[in-house]
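S.K.: Listed below are the residues making up each chain.
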Amino acid sequence: MKIYKKEGNVLQILSFPEDNIEKGDYILIEDSKARKALIAQVIDIQFANIPGMLEELLRSCPDGGNIHGEDFDPLEIAPYITYIQDSRLLICKIRASIKNEYLSPSKSWLPSRSHSIVKKLPVSRLLEMIKAKGKLPIVLGETKESSPLIIDASSLDGRLNIITGKKETGKSHLSKLLVLSLVHYGATVVIFDLNGEYAGLGYSSDGARNEYYHRIHVLTPGKNFKLMLGQLDLRVMLNILVHALRLPGTSAREFRHIWKSLKERKELSLRALGETIRNWHCNIHIRDALFSRYYALVNSGLFTDNPSEASDIEQYLFKTREKGGAVVINLRDTSSIDRQIMVEYTLGKLVELLSNWRLKAVFLFAEEAHLYLRETYWDDIVTRMRHFGIFTTFITNQPDSIRSGIYRQADNIFLFNFTNENDLEAVSRAARVDAETVKSIARDLPPHHCLVLGKAVKDFPMVVKVKRLNVKTMGGTRLFFKEKN
Amino acid sequence: MVIEQLTITTTPKYNFPQENINLELPRTFLELSIQSIKTSEKTFNLNNLLNFQQLTITTLENLNCLSAKVIKLKPKPDNSIVSAIDVSSIKLGETSTGFLLAIRGAIVWKQNVNYRYLRIGPFLFHVTEENKQRIYNVLRKAYFNFAHQESKAALNITSTPNIMQMQSRLTGLLEKWLQMTLTTAAKNTLILWDGSLTVGTPETPTRVVESILQTARKRENMIMAFSKATRLRLMSHRITDLLVKSRPPCLLELKGYSNVNKPIRLLGEIYVARLAKGNCTFRLDIDKEIPSEQRIEAVEKLLGNDIVSHGYPETLRLAHILCTFTANEVIAMQRFIAKKAGLNIVSQPNIRRILFGPYGKGEVDNF
Ligand SMILES: Nc1ncnc2c1ncn2[C@@H]1O[C@H](COP(=O)(O)OP(=O)(O)OP(=O)(O)O)[C@@H](O)[C@H]1O
Ligand SMILES: [Mg+2]
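Protein chains in written order, with my numbering: chain A, 1 to 485; chain B, 1 to 367.
Keep in mind that the hints are not guaranteed to be accurate.
[What the hints assert, rightly or not] When the alpha-carbon atoms are kept at most 20 Å apart in a straight line, the in silico SDA-like pairs for lysine to any residue are as follows:
hint: 1; chain 1: A; residue 1: K319; chain 2: A; residue 2: K266
hint: 2; chain 1: A; residue 1: K166; chain 2: A; residue 2: R358
hint: 3; chain 1: A; residue 1: K119; chain 2: A; residue 2: K176
hint: 4; chain 1: A; residue 1: K2; chain 2: B; residue 2: L266
hint: 5; chain 1: A; residue 1: K99; chain 2: A; residue 2: E76
hint: 6; chain 1: B; residue 1: K288; chain 2: B; residue 2: L266
hint: 7; chain 1: A; residue 1: K167; chain 2: A; residue 2: M385
hint: 8; chain 1: B; residue 1: K69; chain 2: B; residue 2: G256
hint: 9; chain 1: B; residue 1: K74; chain 2: B; residue 2: L266
hint: 10; chain 1: B; residue 1: K288; chain 2: B; residue 2: S211
hint: 11; chain 1: B; residue 1: K74; chain 2: B; residue 2: S211
hint: 12; chain 1: A; residue 1: K119; chain 2: A; residue 2: L136
hint: 13; chain 1: B; residue 1: K74; chain 2: B; residue 2: G256
hint: 14; chain 1: B; residue 1: K339; chain 2: A; residue 2: K439
hint: 15; chain 1: B; residue 1: K339; chain 2: A; residue 2: K266
hint: 16; chain 1: B; residue 1: K339; chain 2: A; residue 2: Y377
hint: 17; chain 1: A; residue 1: K36; chain 2: A; residue 2: T82
hint: 18; chain 1: A; residue 1: K36; chain 2: A; residue 2: E18
hint: 19; chain 1: B; residue 1: K339; chain 2: A; residue 2: S205
hint: 20; chain 1: A; residue 1: K439; chain 2: A; residue 2: D400
hint: 21; chain 1: A; residue 1: K36; chain 2: A; residue 2: H173
hint: 22; chain 1: B; residue 1: K339; chain 2: A; residue 2: K319
hint: 23; chain 1: A; residue 1: K2; chain 2: B; residue 2: S211
hint: 24; chain 1: A; residue 1: K226; chain 2: A; residue 2: I286
hint: 25; chain 1: A; residue 1: K107; chain 2: A; residue 2: R432
hint: 26; chain 1: A; residue 1: K263; chain 2: A; residue 2: K319
hint: 27; chain 1: A; residue 1: K458; chain 2: A; residue 2: S106
hint: 28; chain 1: B; residue 1: K339; chain 2: A; residue 2: E76
hint: 29; chain 1: B; residue 1: K339; chain 2: A; residue 2: D19
hint: 30; chain 1: B; residue 1: K141; chain 2: B; residue 2: Q165
hint: 31; chain 1: B; residue 1: K339; chain 2: A; residue 2: H285
hint: 32; chain 1: B; residue 1: K339; chain 2: A; residue 2: A310
hint: 33; chain 1: A; residue 1: K144; chain 2: A; residue 2: S205
hint: 34; chain 1: A; residue 1: K176; chain 2: A; residue 2: S205
hint: 35; chain 1: B; residue 1: K339; chain 2: A; residue 2: P17
hint: 36; chain 1: A; residue 1: K266; chain 2: A; residue 2: N299
hint: 37; chain 1: A; residue 1: K458; chain 2: A; residue 2: K167
hint: 38; chain 1: A; residue 1: K439; chain 2: A; residue 2: K467
hint: 39; chain 1: B; residue 1: K339; chain 2: A; residue 2: T473
Worth flagging that the hints you see were computed from the coordinates, not collected in a lab.
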């Protein structure tokens, strides 16, 4: 391989088929005289612009006919010709330079074209150089060269992460891998599980309990996850009414009074709430508004006055404090409003526990958050909640459902295949890497392969084939022909 | 530096009968090629100035004629086979004692609508002051053996060329061999050459060309040599200009041209051919010994059996394209030399020159 050109931080390198370079590979350009080196990543491969190539192609198509023939080529020069024809140009982004063994992000230095040695940099070697692996290693899977890609759990700590890619590419799978790894290192994880896929985390694929069984707590709203009004803070209740149930402001003010009076009388219950609204002196419209919300709460089946039915999310969260654990909020088969209610409650609870230091920090995994997270929470999550210690990972197949501001804030992006131009456009707003890299590599990713961008890989984008997981897969898509296959 | 022993692979099969083909020339070509690049030199200096291709050898001729006759042509499709031969060579670069030369020839023939080709080479030669004598003599011997005709005395007529002439001499040898081979193998075929039927130069020995023409007549082949017509004049008018008024396809038969100096001789009747619309006219030489009507008929058969949309037979154009070297091939051969012979390539080739010639030809005026 030889350096051909440098424009800005893009290097063009001439390469031949036997170099066996693919998109995403890293290249090391060593200039021993300058005692420096550059690390660059191949983001595109093109045919080299070979002089005479067009003539050669034209030779094979005469005017109005075909041409075939034979070559008596006794010196066997033909392979040399095809070799040149097959030469290619690697379009590489410079990622860093190395001087005296130290990596620096500087990209301005120009290595010598004549005596630089250009070679492939195995990802395993690069991982050593950047010291991606720390005290809390997480094996994500294998690189193309079959070496493990290991990141460190600390690179997710305090961070905002996004897992995205088109349907069925393996996003939830990776998310589960991260969840179990975090639990393994003793972290508290909360999952908004839209499709009920995480319930199997405590079992291995043969259905037997695994080592995490006692640390995975699945809460299904309306079943083993019911609340008594007394567990709710007024602020959370108002959020539910205003945001999930769209209660207008004047009515909300009235509700506040009702709630306070019930609380003072220590009579906070569904039944008492209904009674109080019925007898409350207020505008008839307000009463009607309050009543309709009241029945929505009752009908959701999420609330109960029976202490033996009620569950306390606090208690599960506290269980995770010692050896780590995950609380899975199973939102499958839950209506949109009920989902919002449970999410309001859970987030409110988390902020409460975190702000008075009853919990250290929580890793929140949110699948398709746009289906239950209200507008005002998005910014909250990257600012206020992060400050309290909620470290979120968004998982979505609709990248435009996440606002561009969030992409810019994201510390790590795990990118699976995308072919749709709009999707690629949305993802390429991520500040951690240039748009060309995202577009060019994401387009060619096979299923289960993921481009890791960001802090976890010290901003050296890397492709990994995510490893298998020995956990029970749950709640597969409901299919008509399933049995018949 | 070691070059592996290369053995001659059998000539690839092609549709012409092969019984008369003498393989001595290509065999000797190859042997000398291998020997010459087994050099002990270590540097191979690509000299930009030398890096041009040489067209088939044509003698410089300024012909003036007194009268000319326009002949209308009617295409005559009869499924005759049309074939063409061309050879080209290029200097790959200089060494401290000489230069490296690549030569390749091509035969193209048209059967029904398909074109087929046989390419010979590239052969590479390292020509030096020291080995030029040997290369030339050995090749000439192989060459004259195949011609059968030349006496020992004739061998001495041409002295050893100077090193700068070696490119055209070696190219000429391969070309004449291909022409002879094809003429001997084919029957009832139109054979197109690039050049003329002017003989008497070191590259076109009279006896050799005469012998080829004789063989052609015996086997009912028609040799037609095409070249540019720019140097032909009729009473000091450019002939190409005269023909523009006549409707193509047509020929202008030239009469009464001034004698050329010995030993140069014209073995062909000379025409100017305007075979298609547009300004493309070519000089066309056809064997004098053939009756005039047959010569005209041959051109009509060519029109009927090959594509001449650009005023130039496609078969010949393909032969030309197939043997000329593209810049890519030049690079490949330089790599070959660097690898096999261990020569260091010193400077970059002058790609521009190669690119800007038509189909990779350098600008060399041969007329
Ligand atoms: N690395 C992997 N190794 C083996 N199987 C995998 C891997 N990743 C995903 N799978 C399997 O592929 C299927 C799809 O994976 P997954 O559900 O994670 O995709 P997804 O991107 O979340 O899809 P959706 O967009 O539907 O949510 C699942 O059956 C999963 O078990
Ligand atoms: Mg999923």
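S.K.: For every hint, state whether the structure bears it out.
M.R.: Status of each hint after checking the structure:
1. Taking the CA atoms of A:K319 and A:K266, the gap is about 29 Å. The hint is violated against a cut of 20 Å.
2. Straight-line distance between C-alpha atoms of A:K166 and A:R358 comes to about 38 Å, which puts the hinted pair past the 20 Å bound.
3. About 36 Å separates the Cα atoms of A:K119 and A:K176, which puts this hinted pair outside 20 Å; it is violated.
4. For the suggested pair A:K2 and B:L266, the alpha carbons sit about 55 Å apart, so the restraint of at most 20 Å is broken.
5. A threshold of 20 Å between alpha carbons decides the hint, and for A:K99 with A:E76 the separation of about 45 Å lies outside it, so the pair is violated.
6. At roughly 9 Å between alpha-carbon atoms, B:K288 and B:L266 fall within 20 Å of each other, so this suggested pair holds.
7. For the given pair, A:K167 sits about 29 Å from A:M385 by alpha-carbon distance, which is inconsistent with the 20 Å threshold.
8. Annotation: proposed proximity of B:K69 to B:G256 holds, straight-line Cα distance about 11 Å (limit 20 Å).
9. About 27 Å separates the Cα atoms of B:K74 and B:L266, which puts this hinted pair outside 20 Å; it is violated.
10. For the suggested pair B:K288 and B:S211, the alpha carbons sit about 14 Å apart, so the restraint of at most 20 Å is met.
11. Taking the CA atoms of B:K74 and B:S211, the gap is about 31 Å. The hint is violated against a cut of 20 Å.
12. Between A:K119 and A:L136 the CA atoms are separated by roughly 31 Å; this puts the pair beyond 20 Å, and the hint is violated.
13. Restraint check: the Cα-Cα separation between B:K74 and B:G256 comes to about 26 Å, which exceeds 20 Å; the hinted pair is violated.
14. As the CA atoms of B:K339 and A:K439 are separated by approximately 40 Å, the hinted pair breaks the 20 Å bound.
15. At most 20 Å may separate the alpha-carbon atoms for a hinted pair to count; B:K339 and A:K266 exceed this at roughly 94 Å.
16. Distance check on the hinted pair: B:K339 and A:Y377 sit about 67 Å apart at the alpha-carbon level, beyond 20 Å; violated.
17. Restraint check: the Cα-Cα separation between A:K36 and A:T82 comes to about 35 Å, which exceeds 20 Å; the hinted pair is violated.
18. Taking the CA atoms of A:K36 and A:E18, the gap is about 26 Å. The hint is violated against a cut of 20 Å.
19. Of the pairs offered as hints, the one joining B:K339 and A:S205 is violated, with about 57 Å between alpha carbons and a cut-off of 20 Å exceeded.
20. Between A:K439 and A:D400, the direct Cα distance comes to roughly 15 Å. Compliance with the 20 Å bound is thereby established for this hinted pair.
21. This hinted pair does not check out: A:K36 and A:H173 have alpha carbons roughly 40 Å apart, beyond 20 Å.
22. A distance of roughly 71 Å separates the Cα atoms of B:K339 and A:K319; the hinted pair therefore is violated under the 20 Å criterion.
23. In summary, the hint linking A:K2 to B:S211 is not supported, as the alpha carbons are separated by about 54 Å, beyond the 20 Å threshold.
24. For the given pair, A:K226 sits about 27 Å from A:I286 by alpha-carbon distance, which is inconsistent with the 20 Å threshold.
25. Between A:K107 and A:R432, the direct Cα distance comes to roughly 16 Å. Compliance with the 20 Å bound is thereby established for this hinted pair.
26. For a cut-off of 20 Å, the pair hint linking A:K263 to A:K319 is broken: about 29 Å separates their Cα positions.
27. Under the criterion of a C-alpha separation no larger than 20 Å, the hint pairing A:K458 with A:S106 is consistent with the structure, at around 14 Å.
28. Of the pairs offered as hints, the one joining B:K339 and A:E76 holds, with about 13 Å between alpha carbons and a cut-off of 20 Å not exceeded.
29. For the hint linking B:K339 to A:D19, the alpha-carbon distance of about 18 Å falls within 20 Å, and the restraint holds.
30. Distance check on the hinted pair: B:K141 and B:Q165 sit about 18 Å apart at the alpha-carbon level, within 20 Å; holds.
31. Distance restraint check for B:K339 and A:H285: the Cα-Cα separation of roughly 94 Å exceeds the 20 Å cut-off, and the hinted pair is therefore not satisfied.
32. A distance of roughly 82 Å separates the Cα atoms of B:K339 and A:A310; the hinted pair therefore is violated under the 20 Å criterion.
33. For the hint linking A:K144 to A:S205, the alpha-carbon distance of about 26 Å lies beyond 20 Å, and the restraint is violated.
34. As the CA atoms of A:K176 and A:S205 are separated by approximately 13 Å, the hinted pair is consistent with the 20 Å bound.
35. Between the alpha carbons of B:K339 and A:P17 the distance comes to roughly 17 Å, so the proposed pair stays at or under 20 Å and holds.
36. Note on A:K266 and A:N299: the hinted pairing is violated, with a Cα-Cα distance of about 23 Å set against a maximum of 20 Å.
37. The suggested pairing of A:K458 with A:K167 is violated, with an alpha-carbon distance near 27 Å, which exceeds 20 Å.
38. Of the supplied pair hints, the one linking A:K439 and A:K467 is violated, its CA atoms being roughly 24 Å apart against a limit of 20 Å.
39. Taking the CA atoms of B:K339 and A:T473, the gap is near 58 Å; set against the 20 Å cutoff, the hint is violated.
Of the numbered hints listed earlier, those contradicted by the structure are 1, 2, 3, 4, 5, 7, 9, 11, 12, 13, 14, 15, 16, 17, 18, 19, 21, 22, 23, 24, 26, 31, 32, 33, 36, 37, 38 and 39.
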